[in-house]
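Given next are the chains, with one letter for each unit.
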Amino acid sequence: MSNDIQDYYLVLSRLMRTSESIWRSKPASEWNRRLIIIGDGPDRARLEKLGMIESSSSDDRPDQIVNYYARVCRAAVVPGEEDFGMAPLEANAAAAR
Amino acid sequence: MIAYRAGGAEETVVDGKTGCSSISRTRSLWAKPFEQFESMHWSQILLRRHAEKFDRNVFRFSCLAISCSVAPAVLLGRVVARCASAFRKYFASSLAETCGGWIKPMETTSLFHQSSRSAAGAAMAPAQVWKMGPTAPVIWPNEVHVWRARLDVPWSWTFDEALTLDDRARADRFRLNPTAVDSVSRAPRCD
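So the sequence lines, in the order shown, correspond to chains F and G. Every letter in the first sequence is one number past the one before it in the working numbering, and letter 85, counting from 1, is 140. Every letter in the second sequence is one number past the one before it in the working numbering, and letter 60, counting from 1, is 706.
Chain F on its own, in the form it takes in the complex (with noise of 0.2 Å):
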């Protein structure tokens, strides 16, 4: 398991207009984490649009991206209301704190 903890918040979540402020709010900028987004939702294109997210060229292969990201991340945050609960399990699989 990696040992070297990036500085930055691994946010799982689907991107709506309604969660928007959950990553814009100041716990990430507080804690001087950087914030990295995965998901996919009907906000993508906007938020594309305004730079606050890159669009990814390498879509093709979601799940290996969320394992990379998630075994070096400081924290997995999971805003989004979810079920089952698995978005937390998969990361905390992939040994996210």
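These aren't lab readings, by the way, just hints derived from the structure by calculation. Please note: incorrect hints may appear among the correct ones.
[What the hints assert, rightly or not] So the derived list for chain G, only partly shown, Cβ under 7 Å to chain F, looks like this: (1) Ala649; (2) Ala652; (3) Gly653; (4) Gly654; (5) Ala655; (6) Glu657; (7) Thr658; (8) Val659; (9) Phe680; (10) Phe683; (11) Glu684; (12) Trp688; (13) Gln690; (14) Leu693; (15) His696; (16) Ala697.
Glycine included, each C-beta is placed from N, C-alpha and C at the ideal position.
Once you've looked at the hints, dock chain G against the given chain F.
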């Protein structure tokens, strides 16, 4: 893990152990779990183990354990059916309920060759002949084999033939109490 405590995350994120969660995403309350998270030490190994608790196979086995604990008699992985059909139905339904279709409905294999069920056959004495069981019964992972042993069968030489010498010697020390079917009482040793 920093999560919004709602839906499934209530179960998969243990507050203070595997992550920090907030019951609200309002500006003031959403910052709380971040503060808590940053002040704690997190072990990746423990978190990984937590995730493994939700592994599919673990889930299946725990379902089996639940089912087996309510079953009347479990002997070393073999379940002896007592009141066979009612018990089997009960066991099958409790399995189906707890496992939600992960486990196949049970196949029943009779160790007897069934005599013909025609009217003429029923009038005659129901001749039941021992059938050879599988030579090497294999229990695959996630399987529970339910064996039904009928003890009210008239004795025949084939009983003994099916047993090894050791088993025969052991069997000689037991005697069936005909009034209480399914109970095997130990006879005083006569030798």
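### Hinted contact Thr658 of chain G with chain F - closest CB pair below 7 Å
holds, 4 Å
Given Gly654 of chain G as an interface hint, is the shortest Cβ-Cβ distance to chain F below 7 Å? holds, 3 Å
Interface hint check: Ala697 of chain G, Cβ to nearest Cβ on chain F, cutoff 7 Å. Holds or violated? Hint holds; Ala697 of chain G Cβ to chain F Cβ min 4 Å, cut 7 Å.
- Against chain F, is Phe680 of chain G within 7 Å by beta-carbon distance? Cβ of Phe680 of chain G sits 4 Å from chain F, so the hint holds.
Requested in this report: Verify the interface restraint on Glu684 of chain G: the C-beta must sit less than 7 Å from at least one C-beta of chain F.
Outcome: For Glu684 of chain G, the interface hint holds, since the closest Cβ of chain F sits about 6 Å away, which is under 7 Å.
Q) Should the hint that Ala655 of chain G touches chain F count as held when the rule is a Cβ pair under 7 Å? A) Holds, because the Cβ-Cβ distance from Ala655 of chain G to chain F comes to roughly 4 Å (cut-off 7 Å).
With a cut-off of 7 Å, does the beta carbon of Glu657 of chain G approach a beta carbon of chain F closely enough for the hint to hold? holds, 6 Å
Can the hint on Phe683 of chain G be confirmed by a CB-to-CB distance to chain F that is less than 7 Å? holds, 6 Å
Q | Supplied contact hint for Leu693 of chain G, tested at 7 Å Cβ to chain F | A | holds, 5 Å
* Can the hint on His696 of chain G be confirmed by a CB-to-CB distance to chain F that is less than 7 Å? -> holds, 6 Å
Practice task
So, Val659 of chain G near chain F? Judge it on the closest CB pair being under 7 Å.
Solution key: At 5 Å from the nearest chain F Cβ, Val659 of chain G passes the 7 Å test, so the hint holds.
Q) Can the hint on Ala652 of chain G be confirmed by a CB-to-CB distance to chain F that is less than 7 Å? A) Interface hint status for Ala652 of chain G: holds (4 Å vs cutoff 7 Å).
In this structure, every one of the numbered hints holds.
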